[in-house]
Amino acid sequence: MASRGGSARPNGSLPQTKICQFKLVLLGDMAVGKSSLVLRFVKGQFDEFQETTIGAAFLAQSVCLDDTTVKFEIWDTAGQERYHSLAPMYYRGAQAAIVVFDITKPETFERAKAWVKELQRQASPNIVIALAGNKADLADKRMVEYEEAQTYAEDTGLLFMETSAKTAMNVNELFLAIAKKMPKTDTQNPTHAARHRGVNLQDPDAQSTRGCCGN
Amino acid sequence: MRGLEDQEDSSDRCAKRPAEVANGSSGAPGQPLTLLDRLRLCQCAWAPWGPWDRDQAFAALWGRPPGSFLVLSDTSAQPQSLCLSVGGNGELVRDFPIKHTGAVFHLPQSHLGFADLVQLVAFYSLSRDVLPVCLFLPPCVFGLSEQPGPDQSQLGPKVWPCPSPNQKLDHVTSRSTGITMCSIQVTSANGALCIVNPLYLHEHGDDWLALRPQSTPVRASQTANQKRERRLSTTRPWRGAGLHKMRGLSLDHEPHDTPPVGSESPSTPPEGVVLRRASQPIGCDSLKRRGEGPPPGDSTPTPQSPHRVSWIEDGVWLSPPSLLPAPCMELDSLSISSLEEEPESAVSPSHLHAPRLPLVLADKVKNRLSAVGQALGGLLSPQKRLANRVQELSERRGGSFAEALRGFVENTLRGGADTHPSSTDMLQDVRNALTSLKEALFDSTEIHSLIDSLGDVSDSELDSMVEVSLHKVALKPVCSHLYVCLHEFRSHDGTLQQLQDSLQSLSGRDPLGLGGTGGAGVPDTATLEKIQQRWASMHQAYSPRKKVYILLKVCKSIYHSMSANASPGAAFGADDFLPCLTWVLLRSDLSTLQLDTDYMMELLDPTQLQGEGGYYLTSLYASLFYVSSFRPRLATRQLSAEAQHSLSQWHRRRTLHCNQSRRCKARRTIRRRAQERGLGSWERKWPPGQEVVKKRMSQQCRTLRAEAFLQQQKCVRMRGGRWRKRGPWGRRDRSLGTEGQACPKAERGSHKALGTASEAPDSQVRVQACQLLGHHRDQQGLELSSNPLTGSQSGVADCVHQSEERP
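In the order they appear, the protein sequences are chains A and B.
Going letter by letter, the first sequence gives residues 1 to 215 in UniProt numbering.
Going letter by letter, the second sequence gives residues 1 to 807 in UniProt numbering.
Check before you lean on any hint, since a few could be wrong.
[What the hints assert, rightly or not] Simulated pairs of lysine-lysine, DSS-like, Cα-Cα distance not exceeding 25 angstroms:
1) A:141 with A:113
2) B:476 with A:71
3) B:438 with B:530
4) B:384 with B:546
5) A:43 with B:553
6) B:556 with A:43
7) B:384 with B:530
8) A:18 with A:181
9) A:43 with A:180
No lab work stands behind these hints, which were simulated from the structure alone.
Just so you know, these numbers come straight off a predicted model, no measurement behind them.
One chain only, chain A, in its complex shape:
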C-alpha cells in the first residue's frame, strides 16, 4: 500500500518526493549469488517499499535518498554459459547493472570482466555499472584479491564493493551507491520529466518546431 506520499515517510522528507524508476540488470556467472544478493537487499528493506512480485527473477525495490525515491526494477539473468547469448535482451535499456562474481572462484571474476566489457560495448552508453565481489564471508577461501578487483574497477570506471549476501555486508550500501549515481530525472511523472528536458532545448527548438508545425 505504499503510495507515493507514503514512501517518503520513513525518511521524514516532504511528501512531494521525486520518483525515479530505473531498470537494473544483474549479470554474472551461475551460482555467484546474484539472486541472494538482491533478495537480501529487497527483503532487508521496509516492507512498505517492496512490491510483490511473482518470483525472485524479477524484483522491485525502492531506495530513499534525500529528496528522491529511487525505484529499481531488478532483472535477473541466467548466468549459464548456454544462456549467455540471451543476455542482450535483458540488459538493453537498463540504466544500471550489477556484475557479480564470487571471490572464491577466479573464473567468475574473469567472466565478470567479460560482462563489463560487453556492457560497455553494447548496453546503453550511460549505464551505471557496479562490480560486486560476493561471498566476502568466505574470506578464508578467497581466490580473488580485493586490490585486484578494486584496481580493475577503478581502471574501468565501475563502482566496486565486496559484498556478502549471507551476512548482508555492503548489500544495501551497494544499491545506495548506485542510486546516488543515477541521474535524477523524475521518470514517473511525465510532466515533470518533460519540463526538465524542455528547459535545455527550449530555445533552439522553439524555432524549428514552429517551422515544423506551422508550415
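Chain A is already provided as a structure; the job is to place chain B on it using the hints.
Structure of chain B alone, referenced to chain A:
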C-alpha cells in the same frame, strides 16, 4: 427517462407475479398433477419398451406435427435416442441421442442435464434448446388424472404422436408475439406471459425457479429468498445494489431474438428443472413409473408451481461447448505486478474441458445475471464507461473515429504475408495504427468530457484504460487474421521448423540438462496440464495485455512448482527459472507460443514492456529463442548476426515507442507525412523477387521513422512546459488542418535533426546526426549505396537516446 420507470413497473409486476399466482392456486384442494407427474404417468407411451426400434419410431412419427416425438430405449432400459418429427422439408424425422453421464441425462450438444428422462422431456417440451423444435405433448396428456384410468391405458406409443392439427405448435405465430425477450421468461400456465427482470432474480435469488411444489408456496419461497439473499450477499458482490432505476437497462443488453418456444402451449409447468441436483429426492421420484401415482386429489390441470421457465435461444449461451465463450474473458484492468490468487475456474476456459456435466441451468442463470450485473456495474467502473463510450464511437456512422477504425480493420484484413516484408512490419503497422487511434480517441471531445467526469485518474491509468478499450474494438476483429499471417510468416522464415527440430534434440532433457542448478523442482503432470490450459487461454485472448497477464500466471505456477520440493526459504532467480521455463516450453505447443510471443512483443502497449510483464515476456522470448537456435554440438556463445540484428531491431523499436508520448501529435503527423511521400507504400510496390532490396528499403523506412521521431522529440520538449496533469489535448491546437499542412520537406526535417544535434554539446551526437543526414539522402535518391544500414540505424537510435537522456 420514461423507459426506466416503465421497466421498474414491469419488474415490480414480475416480482409480484409468483405470489399472486401462488395465492391463486393455493386454494385448490390437494395436490394437483404437475406436468412431470403427467409425463411420468404416460411414460410408457412416449418411451416405449422393447419391441420398438428406430425404423418403427420413424414410421410412427412420419407426417406427425412437428415436435411429435418418441424416446427409444435399448434393451438395457437405457434411453437411447429421441426421435423427433421436425417437419419442414428434407428429413422429416430425426433422432437425437440421449446421453446418460453419471446421474445426468442430456443431449450431447446441450449443456443442460436432467435428473431423469421425464424432466428432460418436460423441459424440451417448453424450450427447444438445441432441438430444431420444441417437443409436442399431445393434449390428452393434460387430461390425465392421477387415478390409473382407461385414458391412460389407451395411451400407447402408437397413439402418442397423434395428429392434432388444431393443437399444432405454430412456430410462426409464436414467433410473432412481438414480445421483448429477456433471458428468462416466466409464463404462468394460463398462457399469460410476463417477463422477469433478471435483476429481480439477481437480487432475490433464483431458487424459486427450481422450487418443488409446496403446499405453502409463499412461505417457502420467502424462506428460500432469505436464504438466497444471505448467500448472495456473501458470494457475489453486487455493486449495483443501489441502481434500482437502472434495472431496465438490462433488457437492452439482451438479444432480441424471438423464441421458438411454444409460449402458449397449455402445459403445466415442470417444477423440477433442477439440473444439477440429481441426488435430490426429485431424482428418486422420477424413477417411479406409472401406476405409482401420487395421492388422489384434484384432477384438473391446475398449475401448482406458478411459473415455467424457458430458455430463449440466443445463439450464444446454448451453443455447443466449443463455441461458448467464457464470459468476460478480457480483464478490465490488469495489475501486472501483483497477481492475486484467483479461483482456477476463472482461468481455465470452459471450452478446453470436455463438456462439463452436469452443467446447470442455475449456473447459466448466474452467468447471465453476472454478465448483466457487470454491465450495470460497469456504469460505475471508469474502465467500463470508457469502454462503452469507445464502443459507441466505433459504431457511430460517419464518425471520424469509426471511419478511421473501419479503415484500419479493412486495411489490416486486406494485408498479409504478401503486403509486408516481415511479420514485424505487419505487427508494427498495427501497433502504429493503434497508437494513432488512441490519440484520435484522446482528441475526441466525447472521450475528453468522459475523462473529465472520471475524477482523479492518473495519466498512465487513463492511457491504459483507453488502450484496453481500443483492443476490444480494434484488435478483436483482426486478431485471428493476424495469427494466420503470423503463421505464414513464421512458416516461411523457417522458425516453426527450427522449433520443431530443436524440440527433438532437447525434449528429453530435464532442467539440469538445460543448465539448471538442480535444486528446483519442475511442474508435475497436473500443473503442466493447468499450464497448458493457460497457454491455450493466452492464445485465445486478443488483447496483448490479457495475454501477458496469463503469462504471468503461468510463470507463477512454474515458480510454485520449483519451490514445492525445495528447502524452505529457497528463492530461485533466473539461473533456475529460465531452465525451468524452457523445460515447460518444450512440453508445450511451441509454434503457437512463438506466434503469441510475436503478437505480444509487437502489439503490447510500450509502457507495459517494462516491469514484471516485460521481464517475463522477455524471458519467454529468450527461452523460445534459445530453443529455436539450439544447435547440438555447436557453440551458441555468440548470437548469429541475423539474430543480433533482429534483437537490436526489436529493442530499438520498443525503446522508441517507450519514449514516445501519446500526447505528441507530431508522431501522427510525421507518420502520415512519410506515408504521403510514398514511403509506406514502397514495400508494397516493390517488384517481387528482389527480397534483399525490399528488405533494405523497408529498413530504411524505419530509419526514416526514427528520424521523424528525432524531430518529434523536439516537439515534445518544446511542448513539455505546457503540459498539464490532465487534459492537455483540450488545450492543444486540435485542428486537424495543421496536421495536413504540417508536411515540410523531408530534407528540411533532416536538416533540423542535424541542427538539434549540432547544438548539442556532445560531439558524438553531431556525428551521428550527420550519418543520419547522409543516410537520409541515400534514401531520398532511392540509391542503395553501401551505407551500413545497421550502423546508421543505431546511430539514429543512439542519437535519440543521448539527446533524450541529456538532463
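Structure-based check of all given hints:
no.	hint	in the structure
1	A:141 with A:113	holds (21 angstroms)
2	B:476 with A:71	violated (35 angstroms)
3	B:438 with B:530	violated (35 angstroms)
4	B:384 with B:546	holds (16 angstroms)
5	A:43 with B:553	holds (23 angstroms)
6	B:556 with A:43	holds (19 angstroms)
7	B:384 with B:530	violated (30 angstroms)
8	A:18 with A:181	holds (15 angstroms)
9	A:43 with A:180	holds (20 angstroms)
In summary, the structure is inconsistent with hints 2, 3 and 7 from the numbered list given earlier, while agreeing with the others.
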